[in-house]
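Chemist: Chains as they are written, first to last, in UniProt numbering: chain A, 1 to 99; chain B, 1 to 99; chain C, 1 to 99; chain D, 1 to 99.
I should point out that these hints are in silico values taken from the structure, not numbers from a laboratory. All figures in this text were calculated on a predicted structure; none of them were measured in a lab. Don't take each hint at face value.
Any copy will do: because identical chains look the same in the list, a pair fits if it lies in one copy or spans two.
Here are the simulated lysine-lysine pairs, DSSO-like style, with alpha carbons at most 30 Å apart [said to hold, decoys possible]:
id	residue 1	residue 2
1	K97	K57
2	K2	K90
3	K97	K27
4	K57	K2
5	K27	K57
6	K27	K90
7	K57	K90
8	K2	K27
Protein chains: 4
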Amino acid sequence: MKVIADLCVIPMGVGVSVSRYVAECEKVLVEAGLTHHLHAYGTNIEGDWDTVMAAVKTCHERVHAMGADRITTSLKLGTRIDREQSLQDKIDSVRSKLD
Amino acid sequence: MKVIADLCVIPMGVGVSVSRYVAECEKVLVEAGLTHHLHAYGTNIEGDWDTVMAAVKTCHERVHAMGADRITTSLKLGTRIDREQSLQDKIDSVRSKLD
Amino acid sequence: MKVIADLCVIPMGVGVSVSRYVAECEKVLVEAGLTHHLHAYGTNIEGDWDTVMAAVKTCHERVHAMGADRITTSLKLGTRIDREQSLQDKIDSVRSKLD
Amino acid sequence: MKVIADLCVIPMGVGVSVSRYVAECEKVLVEAGLTHHLHAYGTNIEGDWDTVMAAVKTCHERVHAMGADRITTSLKLGTRIDREQSLQDKIDSVRSKLD
Chain A
1 MKVIADLCVI
11 PMGVGVSVSR
21 YVAECEKVLV
31 EAGLTHHLHA
41 YGTNIEGDWD
51 TVMAAVKTCH
61 ERVHAMGADR
71 ITTSLKLGTR
81 IDREQSLQDK
91 IDSVRSKLD
Chain B
1 MKVIADLCVI
11 PMGVGVSVSR
21 YVAECEKVLV
31 EAGLTHHLHA
41 YGTNIEGDWD
51 TVMAAVKTCH
61 ERVHAMGADR
71 ITTSLKLGTR
81 IDREQSLQDK
91 IDSVRSKLD
Chain C
1 MKVIADLCVI
11 PMGVGVSVSR
21 YVAECEKVLV
31 EAGLTHHLHA
41 YGTNIEGDWD
51 TVMAAVKTCH
61 ERVHAMGADR
71 ITTSLKLGTR
81 IDREQSLQDK
91 IDSVRSKLD
Chain D
1 MKVIADLCVI
11 PMGVGVSVSR
21 YVAECEKVLV
31 EAGLTHHLHA
41 YGTNIEGDWD
51 TVMAAVKTCH
61 ERVHAMGADR
71 ITTSLKLGTR
81 IDREQSLQDK
91 IDSVRSKLD
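Construct the entire structure; sequences and hints are all you get.
Modeler: Right under this line is the structure:
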């Protein structure tokens, strides 16, 4: 099962600047070979369900290992069985209605 | 790794009444033996990370099998390594500050 | 326009224990006269759109005033124009499918 | 109070293709003069709290007017009082840690 996800990992209790933790999660996605796109409030990810979920777990493990005792994550998960759709397809579909 | 999660599964393209799909997800959580609490905008779940994530995947598979071609899910994931905390602990902690 | 909302306010940079900030938000909802229900990963709220949104803004203002320099909030907003539905209706609707 | 938001409006009961509703919301943001960035699972928005919230309400009104009887929206809201931060600042901050 393929999934399009949106991941926002928030380490708590480590101050107000959390970009180095987010950067670590970006590295996890690269290592997992997952197509992803960083935006200002999370990261779009596309891939096989199990691969994406394993990466999300690794993100939590790494961010804890960096010293964050508590993490709260928002994850959106989109699946469809009618047709294939990529991250770019979703954006193109909206943009085509704006022209 | 233990996780406290909040799951909101939204089947798309099956009309505006989706409670039978949500009920199916409740059954998945019962079958998985997971502690859970249904509220008006999702379900709190507490358990081992892998068990919770396997249940979330099963929810998508079941809801697709019921005829929903597209699903969008919101999932919150809370982990902490400083101490154990249950669903009830979180609620009690807030309530104790209200008295 | 009536809305059913789910609010999860996360103060950042104030340590891992945030229940006193969540408790303050509960007080805001009480003061606003809004029907609400605290769960382990947020608070369900039901009411007029503008009243709910004014309360959410007040939550941010109060939590900042308590000393949290940064806040990240997850808010779900459900509206429907086909019929009235309360927080309890949503739960009852799922439960009726479980019997 | 300035806010950085992430908006994902999901019309329910109108089929599995919802891009024309999302496109309408993009138009609302343009009309409101708000800086925004469409991604594959929502739209980042930056602006004054009240202006952003008025636009979110208009999105619900417009999508209902287009024929969607039910809408469920996920909205993230980030505020901070320690310093100014733009959408691009957030992305640059993460990218600088990746080099």
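Chemist: Against the earlier hints, flag every one the structure doesn't satisfy and list their numbers going up.
Modeler: Result: no hint breaks.
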